[in-house]
Every structure is written in C-alpha cells, then in structure tokens.
Amino acid sequence: MATATSTTGIRRILRPLLIPSLALLSALLAGAVVMVLSGDDPMAAYSGLFQGAFGDGKGWARTIRKTIPFVLTGLSVALAFKVSLFNIGASGQFVMGSVFAVAVGINFEGLPVFIHLPLALIAGIVGGMLWGAIPGILKVYTGAHEVIVTIMLNYVASLFGGWTVYAGGTQGQTPGPLWDRTAGAISETPDVLHSAQIPWLFGPPYRVHAGVFLALAAAILVWWLIYKTPLGFEMRTVGHNMRAARYAGIRVNYTIILTMALAGGLAGLAGGIETLGLNHKFAPEFGGAVGFDGITVALLGQTHPIGVLLAAFMFGALDGGAATMQFQSGVPADIIQIIQALVLAFVAAPLIIRMIFRLRQQTADDAGSAVSTSWGGT
Amino acid sequence: MSKNAPVSVFHRLRKRYGNTMILALLLVVMAILVNLTPLKEQTWLRVLFGISALNFTLRMTVPLVLGALSGILCERSGIINIGIEGMMLAGAFAGFVAKTSTNHWPLAASLIFSVAAAMAVGGLMGAVHALFSIRFRMDQIISGTVIIILALGATSYLYNRDAIAEGKFSSIPIPGLSQIPVIGPILFDNPPITYLALIMVVVVHVGLFYTRWGLRTRAVGEHPRAADTVGINVNLYRYVNTSLGGMLAGLAGAFLVLEAVGQFQEGMTAGRGFISLAAMIFGNWNPFGALAAATLFGYTQALQNELLLAGVTQVPRQFISMLPYVVTIVAVSGLVGRVRPPAAEGKVYETEGSA
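As they're listed, the protein sequences go chains A and B.
Each residue of the first sequence is one higher than the one before, counting from 0 in numbering that gives the first Met the number 0.
Each residue of the second sequence is one higher than the one before, counting from 0 in numbering that gives the first Met the number 0.
Okay, chain B solo, but in the shape it has when bound (with noise of 0.2 Å):
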C-alpha cells in the first residue's frame, strides 16, 4: 500500500479532479522553480511565472472560487445558479452602501458589518432564486437571468455616485508562515477574505462529503424522489443551500468592493459569476476541483494584466483582455462525456399527487 503511495496519490488527484488539478500544480511548481533560481532573470519567464504574476492570480482567483463554490451549493443540491453574476454584483454593492454608512465606525467594525450585508444581501438574493425556481416553477436559467437583470437595474437605480468608501482590508501576514520563501508571500500575506475564501473551499468539501448534511444535499440533487422517501425535505434543503450559495456569492462582491478595489463600480462584476459557473463545470462540481480551475482563470486573468504591465504593445491590448473569455469557452468545450451534472438539477420536484 505505502510502497505505491506517490503513484496512487496522483492517480487519485487526477481521476477525481481530472487535468484541472495537475495544470493547477504546474503552476504552482513552476513559481517555486522560477523564483528560487536564477531563471527570475528572464524576462518572460518572470511575466509568466513571477512573484507579481502568482500574487494577482490568487487576487483573481478569490471572486472566482467564491462563485463556484455558490454554484456548487445551489447545483449539488439540483438547482442551477446562473444567477451569481448578479447576486455577487448586489452583494458588492450592498457591501459598498454598508462602507459608506458606517464610514464613521472603527474601520474593523465597519468593513466586519459590510461583509455582512454583503452576504446578508447575497444570501437573500438566493433566497428569491430559490423561490422563483421552486415555488413559482420558473424555469432556472431565466430565474437566474432575471437576478442579473434585476442586480444591474437596481444597483444603477440605487448607486449614488458620490457616495465614497473610505478604507478596505488590508493584508495580515501569518507570523512564521509568511517567512517561507516563494510560498509564503503568495499565500500567507493576504487581507481576510482571501483567507475565509480558501477555507471556504475545505469548509464546503467537508460539508458536501463528511457530514449527513452533505449527503443529503448530494441526495436531494442526484435523486429527489428517493431523498423524499426516506424523509428528506427536498424542498428546504434546495431553499437552505441556495440561500448559502448565493451568501458565498455575496461574500465574492464584498470581496471585490472591501478588499480588492475599495470603491462600487456599475457592473463591476465584470462576466466573473459565469466565469465562476465555467470554474464550478470544469472543476466537475468539486470544492477544490473548482479551486483550481478557479486558479487556472484567475492565471489568465492575471497574464492579461502583467502583459500590459510589462508594456507589451505588440499584441492589441483587447485581445490580451480577451484572454479569460476565450480561455473559459475553450475550458468548457474540452469536457466532453468528462464532467456530469447532478442529475436532478434545473427539475422542479413535486411530491406524489401534489401537481
């Protein structure tokens, strides 16, 4: 058994997570080798490879991996969430309106009580997805695409353009961990919300696989019908884990409001809850699965800006930005018969005699 260990913890990794993970791993292998060696010299390499680079991708990746562990909740337990674009996008501003009014407060009280709106807000926005989609019977995708719509109108209604957030997270470095070269500034040197966002994703894995809410949720999504019959109130639990998702969601914009950029921008969000759904897919419906495709979008999204950093002028500026867009349709096209669904996700279940 421990003779093949090595050989059988990759084989694991790899048919649980598929290549998603190895990429993942790469990259993090290249980052060590590239910056303990004198090839940080090379220019490219430090563009592709280099401390900056790996700092903005996990920057990038927080939102991300956010999302898709919202999209993982609502989808695990057979409700599909296209909708986290605009509950990130409301809990982002209801994060930024929370920031404005308490600008007063100690700066830790206010952004503490702002993260909770944000989620509080997110959370109720799931809320209202579940509702559409169970109680009304709506069908999911427009239920998700009337949130967005809803998110984006109400929050131009609402955003008041002088309005200024004064402070947002800053980094706490771990004592001890953020000495260790290469590693340590990557990840153990960051604001808050970074760190809750990595937890998130053992919170949630542990969640999903370890305990008897995990399992049911599983079961509620795989098969409603059985779930039922041993007592499982499908219904609630698909309320309860879309009404979490969509706070995991919210948790996302206050990330990009508090701790990213400090201030609201209309449509701010920027196309990363479908990112986030495309993480969620690719990562086949697994916390860290999702982590590291998260990673792998949050890499390109980081390339696109150390290219224009590094003043590289002989590609077009907007084809480098296309670089996520484009790196997420060709992630989910190469999935084909490689990644499945919960079974009874986007069905609206009724119990016996009750339609």
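Only chain A is shown next, with the shape it has when bound in the complex (with noise of 0.2 Å):
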C-alpha cells in the first residue's frame, strides 16, 4: 500500500514531465537531421552545445544570465495563457520596460542603491504593463484581438525604443531624448548610474548578477498569485469558460485588462533587469527575440510557473552554449532557432509526441487551456 502510494506519487510529479521532455528530445533528434541534410555534423555541434552551456563555470554563468530573462518572459506569456489570452507582445513590453528602467537609471544621480535601484526596476515593470494592458483594454472595450494588437504594438515599442536613444541624422533631426551625447554617432543612452545597477553575484568574466533571484522571485510569486489567490482562482475561472466566470459574477473585463497589465509588467522587468543588470544601457539591438521565445517556454513549461522556470533554464542552456557550438563545429547558431521552433511544435501538439513514442491518450486534458478560438468576440 505504501509503495503504491509512493509511486503514484512520483507519477503525479513525473507525468506533467512526460511530454514535454519527450519534445524536447524529438526537436533534438529532428534538428540532427536538419543538421545532416545541411551538410554539418550534429554531434559536433550538440558536444559544442553542451560544453559551452556546462562545459566550465563560465559555461554555467552563460547559461543562468540567459535563463533570466527566458523566465521572466516565459512568467509572462505563462500567465496571460491561464486566462486565455495569447501575448505574443512580451518583446514589445521587454523593450518598454527597459527604456523606462534606463531613463530612471541614467538619472537621479546621487540617490542612494536601495532607493534608486528599485525604483529603477519598477519603472521598468510599469513601462511593461503600460504596454501590455493596452491590448487588454482595446480587447475588452473594442474586441479586438490581443494577438494583432501586440504584435503591432511591438513594431511601435521596437521604433519607440528607437527613437528615444536616436543619435540623429545627417539632414539635422533632432536626437533622442535617452541618447548619450558622448557616443558620437552612435545610437544607445550612457551608462546607468552605479546606484542603478544590478550587484554582480559573480563579476566579469562571470558576469551573472542578483537578478537570478528577481527572476526566482517572480516565478514563485506568480504561481502563488496564480493557484493561491482569489484574484488567481478568478483568472483562471475566466480561461477556462469565460461566459460562466460573467454570470458567477467575476469581473472578467478587470480580470482580462488587469492580466495583460501583469503580464506586461513581468516581460518589463525582465527588460529592466537585462538593462540594469547586465547591458548597463539600453541600444535598439537590446531585446525582442526573448520576447517571442518566452511563448515556447511557456508551452514547453505546460503554462505551470515551475515549469516555465524548467524551460527557460533549458532554452538558456541552448543559448548559452550555441556561440561555443558555432565556434567549435562551424555549424550557424541559427539552428538554435530551428531547433526551439521544433520545441514549440513538439509540445504544442502532444498528439505528434503521443504519436511518435506510442504513448496511449490520457483522459485528463494535458494540453493546457485552448488560446483563442476566434478572432470574434471577447
């Protein structure tokens, strides 16, 4: 009895693993063949993958300074998904939060850390939620889709970004407000102020910062937020059928807009943290890819906080170590990409999974919620 216990009890923390491991392991596999079919040698490259992610400390130190931000993201789709929405706008609210974080940590010289520096990252957290709880207004107010909305609004917050850092032009246009006027030509805002930066853990050439535990932090308090609140009991109610969670009296027009407003704020912090902790400024080429890689790792993370933080620690792993791949096989590191676009397949289509290992269709829904299901109505 005992034992029969004990193993179903393993089952429970083992099952929700099932899948997506087996994903993972697939995207592997079909990014081998890719890799054949292109002429490299897979195992040259995931051996280079491998070392460059954990091969030495500096290996390590890559991989968590890449997981950070993948986390924060991965929180951020992670959770607009229990409510239904589909934010596909974190690196927009990425790039948001991190020109809010800079112009709060470019300024007010002379503040001391404990003031300045969480200031910093709040302003980075509002910059994102701005951002993230426009698509959930227009959504609740004019029905328009969350996916169009963001995904425009990130082309706005890419050129906005641009613009405050602007060095310029040639015919007299007048430079951005956050541009650094030592830097010549060149488009990107000064240094932030020591009293707004990130404390290193492990300095240069290490260079992985306090933020680990912000990102930490945020994953846990997302899951409490998310299975151990009332406001989380109401989310998750209106992802699941939104016309009951109306009638059983839930505000699902706060609930959707102030969702998006969290999402947005996790997806501004980690452009905060990235700025303030590791970039020390913010240039145009800062930011956006994590953004859209924070959807696979939510998938891959099962859209569970635990989860997201399992995935994001191997997409860091997978960035962390594509330079050293690319260096030691000459295989491009652009099949990272290809690879966590598999993922992304793998995972959001178990049936494909379920398919290829012969594994028999289990009755519980494992999917996670359905996004959308039309472009119509709220």
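Since the hints were made in silico from the structure, they are not lab data.
One should not assume that every hint holds.
Ranges between beta-carbon positions, derived for each pair [stated by the list, open to error]:
| # | chain 1 | residue 1 | chain 2 | residue 2 | range |
| --- | --- | --- | --- | --- | --- |
| 1 | A | W199 | B | S169 | 55 to 63 Å |
| 2 | B | I21 | A | R180 | 47 to 55 Å |
| 3 | A | D55 | B | S169 | 50 to 58 Å |
| 4 | A | A247 | B | E221 | 28 to 36 Å |
| 5 | B | R160 | A | L358 | 40 to 48 Å |
| 6 | B | A162 | A | A209 | 44 to 52 Å |
| 7 | B | D161 | A | L358 | 41 to 49 Å |
| 8 | B | Y194 | A | D190 | 50 to 58 Å |
| 9 | A | Q50 | B | R136 | 49 to 57 Å |
According to the in silico footprint, chain A covers these stretches of chain B (three or more CB under 8 Å from chain A) [unchecked claim]:
| # | stretch |
| --- | --- |
| 10 | 22-28 |
| 11 | 151-162 |
| 12 | 319-332 |
The beta-carbon is built from N, C-alpha and C at its ideal position, and this holds for glycine as well.
Assembly of the complex is requested from the two constituent chains, each provided in isolation within its own frame, with the hints serving as guidance.
Written out as structure tokens, the structure is:
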C-alpha cells in the first residue's frame, strides 16, 4: 500500500514532465536531421553546445545569465495563457521595460542604491504594464484581438525604443531624449549609474547578477498568485469558461485587463533586469527575441511557473551554448532557432509526440488551456 | 429600379464592405482631382495624393492584399491562419534561392521558376499548418506561431549572405490603358505580380461566391456538421484551402523578393503578414473589402515613405514609421460588432463518434 501511494506520488510529479522532455528530445533529433541534410555534423554541434552551456564555470554562468529573461518572458506568456489570452507582445513589453528602467537608471544622480535600484526596476515594470494593458483594454472595450494588437505594439515599441536613443540624423534631425551625447553617431544611452545597477553575484568574466533571485521570486509569486489567491482563481475561471465566469459574478473585463497588465509587467521586468543588470545601457539591438521565445518557454513549461523555470533553463542552455557550438563545429548558431521552433511544434501538439512514442491517450486534458477560438468576440 | 441605381450601388457597397471601401474610393477621387488640376502645385497635397504616393501605395498594397486573400481562403474554411507572416517569409526565401540558383537561365524563365518555387514552399507551409491544426489538433493560433518561428529560424539558418539574385521583374505597360491620365501610370504600368494580385482578388471573389467550391468552402467554415451531413469532406476542404492560402502568401513573398526589392533580407516581411490579417478582418473576410483595407494600409506605408522623401523632419522618422502599425491597431479596434468571422473558425471538426 505504502509503495503504491509513493509510486503514484512520483507519477504525479513525473507525468507533466513526460511530454515536454520527449518534445525536447524529438526536437534535438529533428535538428540533427536538419544538420545532416545541410551537410553539418550534429554530434560535433551538440557536444559543442553542451560544452558551451555546461563545460566550465563560464559556461554555467552564461546559461544562468541567459535563463533569467526567459523565466520572466515565459511567465508573462504563461500568465496570459491561464486567462486564455495570447500575449505575443512580450518583446514589445520587454523593450518598453528596458526604456523606462534605463530612463530612471541614467538620471537621479546621488540617490542611494536601495532607493535608486528599486525605483528603476519598478519603472521597468510600469513600462511593461502600460504596454501590456493596452491590448487588454482594447480587447475588452473594442473586441480587438490581442494577437494583432500585441504584435503591432511590438513594432511600435521597437521604433519608440529606437527613437529614445536615436543619435540624430545627418539632416539635422533631433536626437532622442535618452541618447548619450558622448556616443557620437552611435545610438545608445549613457551607462546606467552605479546606484541603479543590479549587483554582480559573480563579476566579470562570469557576469552573473543578482537578477537571478528576482526571476526566482517572480516565478514563486506568479505561482502563488495563480493557485493560492482569489484573484488567481478568478483568472483561471475566466480562462476556462468566460461565460460561466461572467455569470458567477467575476469581473471578466477587469480580470482580462489586469492579467494583460501583469503579463506586460513581467516582460517589462525582464527588460529592466537585462538593462540594469547586464547591458547597463539601452540600445536598439537589445531585446526583442527573448519576448518571442517566451511563447515557447511558456508552452514547454506547460504554462506552470515551475515548468517555466525548467523550460527557461533549457532555453538558457541552448542559447548559452550556441556561440561555442558555432565556434567549435562551424554549425551556424541559427540552428538553435530551428530547434526551438521544433520544440514549440512538438510541445504544442502532444498528439505528434504520442504518435511517435506510441503513448496512450490520457483522459484528462493535458495540453493546457486553449488559447482562442476566433477573432470574433471577447 | 434603374432610377435608384446610383444610390443603391453606394448603399450596397457600404453595406457589404463598410466604410473601408468608401475611404479607398475617396482616396482614388482625391488622387484624380489633385493630379489633373492646379492643386498639384501644393506641396502637401502632392505628398499626400501625388502619382508617386499612389504608385508606392500600390506597391505596398500587393503583399498585403495577397496575404489577406491567403487569410480569407483559410478562414472561410474554418482555419485561423496567423502564420501568413511565416509563409510569406518562407516563400520569399524560396523565391530567392530559386532565383540565385537559376541566375544563368534566361531572365523570364528564371523569374517564373522562382515564383513557382515561392508558391510551392508557401503552399507546403500552408499544408503543414493544416496538418498541425487538423490531424494533430493543435491550437490554430499556436500552430501559426510555430510556422512563423520555424520560418524565421530556417530562413536565417539557410541564408547564404554571399548569394545575389540577378534581375527582377520590370514594369509591363498595358498598351492603351497605360495612356489614361493619372489612372494609367498608377494601375496599368506595373510588373506582373502586381497585375496578378489584382486579378487574384477577382478570382477569389468569384471562386468564393459563384462556384460550387466556394459555396462548399463557406459551408465548411460556417457549419461543418451540416456540410458533413450533405457529404462534403470537411477536412479535405480545409487542407486544400489552407494550402492554397499558403501559396498566395508565398506569392506575396515572391513579390517582395522578385519584384519589389530584388534580394532577400532576413525578416524582410516586417509584419506584413500580420497587417494582412488586419486587412482581412477590416475587409470583413471579403476579397474586395480586403483589397480596400489593404489599400488603406498600403497608403499609410507609402505616406511614411513620401513624408521621409519630402524631408519632413519636424516629426522624428521613427514616429512616421509607426504609422502603419498604429493605423492597424486603430482599424481593428474600431470594428466593434461590425465584422463577423466564419462561425466555425478555429474549431477542430470531428465526425460523430470518431472522438
């Protein structure tokens, strides 16, 4: 009896891991096939990838450093999924978070660290929240589908971010408000003041900053919010059945806007942390891609905060090892993008995995919540 | 009947396509007015309605309208396709690869072959999307996202930066018609894919509303169970339509590489697939409505160019470049209860007893 319950206990923990791990495995295998077809050596590539990600202290540092933004953008997308909202806008929210954080970070000289740094981080969150709230508000009041709005806002955010640091043109265009006047023709902000930088846990050459704790805290907070608070219950109810939620007296509109704002806040925090902890300035080339990968991370993590942590770590390792892989084996680092897309494909369609590995159909729904059925109503 | 004809035409246009069509028509009328009268001496009016602005509008409209038609084909049969962006990009890349590997062929043959390659790859991506959403019951919006990420990754992995495509489509003025003032140089002096896109609008319209295939497609998208009951193979129609839609998106990609730019650039679709989706919604899932909406979106993109060319520096260029995206958001937000997507869209269809 005792053994039986303990095995079911283990099963309960292992079962949600089954599909994601098989999806990851299949994606790596399919990636190997792509490499063979284009004349590259997958063994060399994967051993380079592994060494780059976990080979030495620097490798581990790289992996952890890259994991941090994935955790937050993954949480951002996962949180929205819980309410059946699809946040493709994490990259725009990331950029807005970066811009807001850097605007506080390069100003207010003389503030102590314990005021300046939190202030800059909060600015990042606020920037992301504003950008996330817009699609929520538009969805509720006009019925505009959040997928289109968030994607359009990504482009707007990227242009806005570009403008804030714009170095000015040759025809006398005015430079952006955050542009570093000493940078000449380079479009970037000045360095973030020391009082607003996230302290290093391991300084250069390792460059791991204390933002890792913020990411962990965010994951725990999101877990607590979704599963342990009345608000989280309302969110999940709206996500499962909006009409039922409405009849039950849940403020559906409020929940949708709040969720989008919180999701935006998480992605904005990712931008703030990257800016204040790692880049120490903002330039148009920072940001963007991490937001889009948040979708894959969220789905690979089965939209559960702990799953998101694990998935983000996998993605951190893939990204952390990519450069070494390219250096050692000559396989272009872009193959990582293909592998990540394949992960998304396999994890989003558990049926493919079940077919490949001949697994039995589970009775409970295991694919997470459906995102959306149509462009139509709210 | 005939006495009321003008009113009823206006009324019917408005009823069927909403204010989009009216705005697009207004644009055309303004263009004719400005270009035929001394008004064209006014710099501002020339920037807004000059021949160059309208030529640019058409160039920007072509990929958008093709993308929107792609969306219409898929969604009328009940498959949401947000992967248009990815299909377009894959098509553009395929067209580019085909062009670079046939540079030594005669130009016309090489270009036509490249267009075929682009459409084939686009169609393949469409088939994959259909497979994901029908056979593997993947959420269609996520499946579309997979298509986009896959296309982004694959094209940058396979892109050979040294490859150069030699030559692109050039304009073919249509004899006679291209001599018409204002309209001639804008509409009848274009490269082939532009004509093809405009023809496709008519073809899709006639196909959807006047053929058996179109009726069945719409039935499958509105009420699959009813369609199934009368013996229509629901999923077959969805596979075929999504693949056809993919081919149109691939054609849009071919336009970008083989007609507009002449080369491939990573991520060169720059959100056009998504703007097409907005055009599809804005045009109420109708080919002509989509054309009007795409024209308006294309116009904002052209305006962005014209303003930059005219040396407008009071407004930062980044804000001018935001125009198409902001207009898209405003457009999809201003449609409360006025558009209606196909009823069965996004839902997996299972025959009774198969689940």
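Hints, one by one, checked against the model:
1. A:W199 with B:S169: 55 to 63 Å: holds (58 Å)
2. B:I21 with A:R180: 47 to 55 Å: Cβ of I21 of chain B to Cβ of R180 of chain A: about 49 Å, so the range 47 to 55 Å holds.
3. A:D55 with B:S169: 50 to 58 Å: At roughly 57 Å between Cβ atoms, S169 of chain B and D55 of chain A fall inside 50 to 58 Å, so the hint holds.
4. A:A247 with B:E221: 28 to 36 Å: holds (31 Å)
5. B:R160 with A:L358: 40 to 48 Å: Since R160 of chain B and L358 of chain A have Cβ atoms about 42 Å apart, the given range 40 to 48 Å holds.
6. B:A162 with A:A209: 44 to 52 Å: holds (46 Å)
7. B:D161 with A:L358: 41 to 49 Å: Holds, at about 45 Å.
8. B:Y194 with A:D190: 50 to 58 Å: Taking Cβ atoms as reference, Y194 of chain B and D190 of chain A lie about 54 Å apart, which means the hint holds.
9. A:Q50 with B:R136: 49 to 57 Å: violated (39 Å)
10. 22-28: This one is violated; 0 residues, fewer than the three required, reach chain A with a Cβ under 8 Å.
11. 151-162: With 6 residues in contact (Cβ-Cβ under 8 Å with chain A), the coverage given for the stretch 151-162 of chain B holds.
12. 319-332: holds (count 8)
Hint compliance for this structure: hints 9 and 10 are broken, all remaining hints hold.
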